[in-house]
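> Using the sequences and the hints, build the whole thing.
Each chain, letter by letter, is given below.
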Amino acid sequence: MNGRAWLSPGLLLAAPVLFFAAFFLAPLAVVALASITGGPEGMTLTLQQYVRVLADQYHWDVILVTFRLAFFTTVVCVILGYPLAWYLVRVVRWQAWRRFCVILLVVPLFTSNIVRAFGWMVLLGRNGLVNQALVGAGMADRPVRFIGTELGILIGMVYVLLPFVVLAVGNALARVDPGCEQASADLGASPASTFFHITWPLTLPGVVSGAIIVFTLAVSAYVTPALLSGGRISVLSMLIFQQYSSVFDFHYGGALSMVLLVFTLILVALANRAAVLPGAAR
Amino acid sequence: MSTLLTIEGVSMRFGAYQALDRIDLDIQQGEFVALLGPSGCGKTTLLRSIAGFLKPESGRILIDGQDISRLAAHHRPLNTVFQNYALFPHMTVSENVAYGPRRQGASKTEAAERARAALDMVGLADFGPRYPREMSGGQQQRVALARAIVNRPKLLLLDEPLSALDLKLRKRMQLELKHLQAKLGIAFIFVTHDQEEAMTMADRVVVMHAGRIEQVGAGTDIYRQPATRFVAEFIGDANFISFTALDGDTLQLDTQGLRVPFGKPAPARGVAVLRPEDLRLRGEAATDTWTGAVTDVINVGSHSMIHVDLGGQIIVARHGGIAPTGLRPGATVHLAFEPEHLHLIGEQP
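Protein chains in written order, with my numbering: chain A, 136 to 417; chain B, 2 to 350.
Since the hints were made in silico from the structure, they are not lab data. Misleading hints may appear alongside valid ones.
[As the list claims (entries may be wrong)] Derived Cβ-Cβ restraints for the label pairs, each shown as a range: (1) A/V237 / B/R131: 32 to 40 angstroms; (2) A/A231 / B/E58: 21 to 29 angstroms; (3) A/V237 / B/H304: 55 to 63 angstroms; (4) B/A118 / A/L239: 48 to 56 angstroms.
[As the list claims (entries may be wrong)] Calculated pairs, SDA-like style, for lysine to any residue (alpha carbon to alpha carbon, straight line, at most 20 angstroms): (5) B/K56 / A/R228; (6) B/K56 / B/A73; (7) B/K179 / B/M122; (8) B/K109 / B/Y132; (9) B/K172 / B/Q196; (10) B/K56 / A/S325; (11) B/K56 / A/P326; (12) B/K56 / A/R225; (13) B/K169 / B/K179; (14) B/K184 / B/D121; (15) B/K56 / A/V226; (16) B/K56 / B/Q67; (17) B/K169 / B/M136; (18) B/K56 / B/H75; (19) B/K109 / A/F331; (20) B/K109 / A/S325; (21) B/K56 / B/T45; (22) B/K56 / A/G314; (23) B/K155 / B/H76; (24) B/K172 / B/H194; (25) B/K184 / B/M122; (26) B/K265 / B/S243; (27) B/K184 / B/Q29; (28) B/K172 / B/E197.
[Claimed, not checked] Looking from chain B toward chain A, a few residues come up when the C-beta cut is under 10 angstroms (computed): (29) A73; (30) R77; (31) Q84; (32) Q105; (33) A149.
Note that beta-carbon positions come from the ideal geometry of N, C-alpha and C, so glycine has one too.
Here it is in structure tokens:
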């Protein structure tokens with residue numbers, strides 16, 4: 136009994152570790168390996184694919200579009216998500232209404248991305264509801280072009296990813312000790328000053344973690360940009376998809392994937408550093 | 002001394018629950034006042050109303066004659082020490098303390114200088130660069146205190162600031178707070194449910210019960226002359242003996258039908274409060290003693306409490322030092338007292 140007791144934690148851990156290795160580590164290794172090999176047999180080591188990716192101005196343009204879209208998606212999500220989270224956590228006093236709002240926020244996550252993107256295509260189209268409203272209200276002379284523009288993709292992505300920021304920030308807001316905000320007011324700080332000096336810094340880790348989730352999902356998003364781009368705009372995930380599904384060039388697709396991964400990791404690492412709060416438990 | 006704070010007819014209701022019921026109270030410049038009462042009596046609600054975190058439904062609160070009832074918390078000329086300290090976790094100790102002066106418009110260097118002086122005053126001069134979570138509960142308490150006094154308010158509100166500390170530290174902090182208060186000359190309003198704490202520190206004790214003020218006075222006066230049965234019960238230990246006043250300055254006590262002379266005017270009927278330390282143990286019976294059987298002997302060390310059954314009513318007597326060995330449950334004892342130690346509370350109509 137005693138001699139075997141130490142075994143059980145190891146056994147319990149074996150399954151998740153194996154799962155992790157088989158479905159997370161191995162695919163990544165396959166992609167990474169494919170990106171640095173080439174030649175007729177596909178077995179010689181070469182950096183040729185990376186040269187092909189990075190030496191081509193076209194790729195830099197796509198990378199720029201991808202990260203610009205992800206950046207603005209993140210910014211808009213935070214700008215819209217923070218007040219929304221504030222409303223849910225601080226303003227709503229009625230528990231049932233708050234629960235309803237959270238369900239409303241989360242339910243779209245259960246629907247297929249494709250369905251939602253098609254929904255936006257209909258709404259944002261030339262004769263869609265949005266344009267009818269804009270023209271009808273006299274805010275535009277003729278229908279605004281959304282489909283095939285970065286603005287259209289941005290709208291679709293913000294819609295899909297907003298709940299992640301609201302949930303992360305809401306969680307952070309609920310954890311802020313109301314005593315700290317009262318103490319700030321007690322010491323003579325105006326509500327704006329209290330928000331700036333106390334609430335915002337204390338919720339910053341939640342903002343950053345929500346932003347990182349949104350950003351990573353946005354740079355790798357495929358369905359929403361593909362459907363709303365109208366074939367006019369390309370993001371990295373669309374190039375990667377082409378290489379894997381139509382061209383079958385796994386080496387080139389692998390290199391594109393690795394470029395996306397490395398750029399994303401660098402930005403996430405930078406954001407993570409900004410989220411470390413002084414005085415927090417390390 | 003002049004009046005610093007005036008509370009006029011302040012009422013507050015949470016749903017069906019009357020938290021404050023027409024409270025009137027004056028607090029003098031530089032006074033140390035304790036708001037004392039059991040949990041739910043309204044003492045914290047009153048404190049939070051003064052601080053501006055709660056808006057009373059009616060009544061006025063004035064500081065130096067100026068009505069502050071409508072002022073937001075950040076415009077009120079007072080500071081608060083919170084029960085759980087509410088230190089800013091993302092700031093160092095000196096940043097925490099400098100926060101007040103900074104918000105009042107002091108320059109960075111001036112605020113830092115004032116923070117250093119305030120920390121020095123609470124004995125934490127070397128702790129400025131630390132973060133709150135790196136400090137013990139007692140040290141955090143001092144930081145909260147330094148942060149609250151750094152702006153030199155005229156009035157400091159303290160919401161059970163010592164309740165999280167262990168007994169020894171609490172006793173030390175009580176005296177330190179009292180000395181600090183005397184040194185600063187700031188009026189303190191101190192909320193507590195601990196009557197010993199209130200008696201130790203406060204010039205005046207305000208006993209609250211069910212949203213009302215039961216009695217206001219010096220701790221010793223409240224102990225000696227409790228205005229109501231609630232006050233007598235809440236402050237220290239008390240025996241209650243029902244009485245009827247007879248002609249000729251005599252009280253007829255219900256307990257064992259004892260008659261005692263009473264020189265002062267007495268209400269027709271009511272209860273008499275008799276503190277345990279005013280009861281004496283006697284070896285033999287007399288006309289002015291009670292006789293009963295000991296039910297419990299509680300030795301605390303410095304004194305002992307002897308519970309005596311006087312035929313249906315348990316009376317508690319205090320005995321200095323450890324109880325004699327002969328005093329065991331079941332033993333027969335006789336209790337004597339001076340009639341002048343009876344404090345009479347008339348029956349409320």
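> Would you mind marking each hint as holding or not holding in the structure?
Structure-based check of each hint:
1. Checking the proposed 32 to 40 angstroms range against A/V237 and B/R131 shows it holds: the Cβ atoms sit about 39 angstroms from each other.
2. In this structure, A/A231 and B/E58 meet the distance hint of 21 to 29 angstroms, their C-beta atoms being roughly 27 angstroms apart.
3. A hinted range of 55 to 63 angstroms holds for the C-beta pair A/V237 and B/H304, which are about 59 angstroms apart.
4. At roughly 53 angstroms, the beta-carbon separation of B/A118 and A/L239 lies within the given 48 to 56 angstroms, and the hint holds.
5. With a C-alpha separation of about 17 angstroms, the suggested pairing of B/K56 with A/R228 holds against the 20 angstroms cut-off.
6. With a C-alpha separation of about 9 angstroms, the suggested pair B/K56 and B/A73 falls inside the 20 angstroms cut-off, and the hint holds.
7. A threshold of 20 angstroms between alpha carbons decides the hint, and for B/K179 with B/M122 the separation of about 13 angstroms falls inside it, so the pair holds.
8. A hinted pair counts as satisfied when its Cα atoms are at most 20 angstroms apart, and B/K109 with B/Y132 qualifies at roughly 19 angstroms.
9. Between B/K172 and B/Q196 the alpha-carbon distance is near 13 angstroms, which keeps this suggested pair within the 20 angstroms criterion.
10. With a CA separation close to 17 angstroms, the supplied pair B/K56 and A/S325 stays within the 20 angstroms bound.
11. Taking the CA atoms of B/K56 and A/P326, the gap is near 17 angstroms; set against the 20 angstroms cutoff, the hint holds.
12. A C-alpha spacing of about 18 angstroms is found between B/K56 and A/R225, which places the hinted pair at or below 20 angstroms, so the restraint holds.
13. Distance check on the hinted pair: B/K169 and B/K179 sit about 16 angstroms apart at the alpha-carbon level, within 20 angstroms; holds.
14. Of the supplied pair hints, the one linking B/K184 and B/D121 holds, its CA atoms being roughly 14 angstroms apart against a limit of 20 angstroms.
15. Proposed proximity of B/K56 and A/V226 is supported: the alpha carbons are some 18 angstroms apart, at most 20 angstroms.
16. Taking the CA atoms of B/K56 and B/Q67, the gap is near 17 angstroms; set against the 20 angstroms cutoff, the hint holds.
17. Restraint check for B/K169 and B/M136: the C-alpha separation of about 18 angstroms stays at or below 20 angstroms, so the hint holds.
18. Under the criterion of a C-alpha separation no larger than 20 angstroms, the hint pairing B/K56 with B/H75 is consistent with the structure, at around 14 angstroms.
19. This hinted pair checks out: B/K109 and A/F331 have alpha carbons roughly 17 angstroms apart, not beyond 20 angstroms.
20. Annotation: proposed proximity of B/K109 to A/S325 holds, straight-line Cα distance about 18 angstroms (limit 20 angstroms).
21. With a C-alpha separation of about 13 angstroms, the suggested pair B/K56 and B/T45 falls inside the 20 angstroms cut-off, and the hint holds.
22. Proposed proximity of B/K56 and A/G314 is supported: the alpha carbons are some 17 angstroms apart, at most 20 angstroms.
23. Note on B/K155 and B/H76: the hinted pairing holds, with a Cα-Cα distance of about 14 angstroms set against a maximum of 20 angstroms.
24. Our distance criterion of 20 angstroms between C-alpha atoms is met by B/K172 and B/H194, whose separation comes to about 15 angstroms.
25. Taking the CA atoms of B/K184 and B/M122, the gap is about 10 angstroms. The hint holds against a cut of 20 angstroms.
26. A distance of roughly 17 angstroms separates the Cα atoms of B/K265 and B/S243; the hinted pair therefore holds under the 20 angstroms criterion.
27. As the CA atoms of B/K184 and B/Q29 are separated by approximately 16 angstroms, the hinted pair is consistent with the 20 angstroms bound.
28. With a C-alpha separation of about 10 angstroms, the suggested pairing of B/K172 with B/E197 holds against the 20 angstroms cut-off.
29. Checking B/A73 against chain A: minimum C-beta separation of about 7 angstroms stays under 10 angstroms; hint holds.
30. A hinted interface residue such as B/R77 counts as satisfied when its beta carbon comes closer than 10 angstroms to some beta carbon of chain A; here the least separation is about 8 angstroms, so the hint holds.
31. Given hint, B/Q84 at the interface with chain A, holds; its Cβ is 8 angstroms from that chain's nearest Cβ, closer than 10 angstroms.
32. Evaluation of the B/Q105 hint against chain A yields a held restraint, the C-beta minimum of about 5 angstroms falling below 10 angstroms.
33. Checking B/A149 against chain A: minimum C-beta separation of about 8 angstroms stays under 10 angstroms; hint holds.
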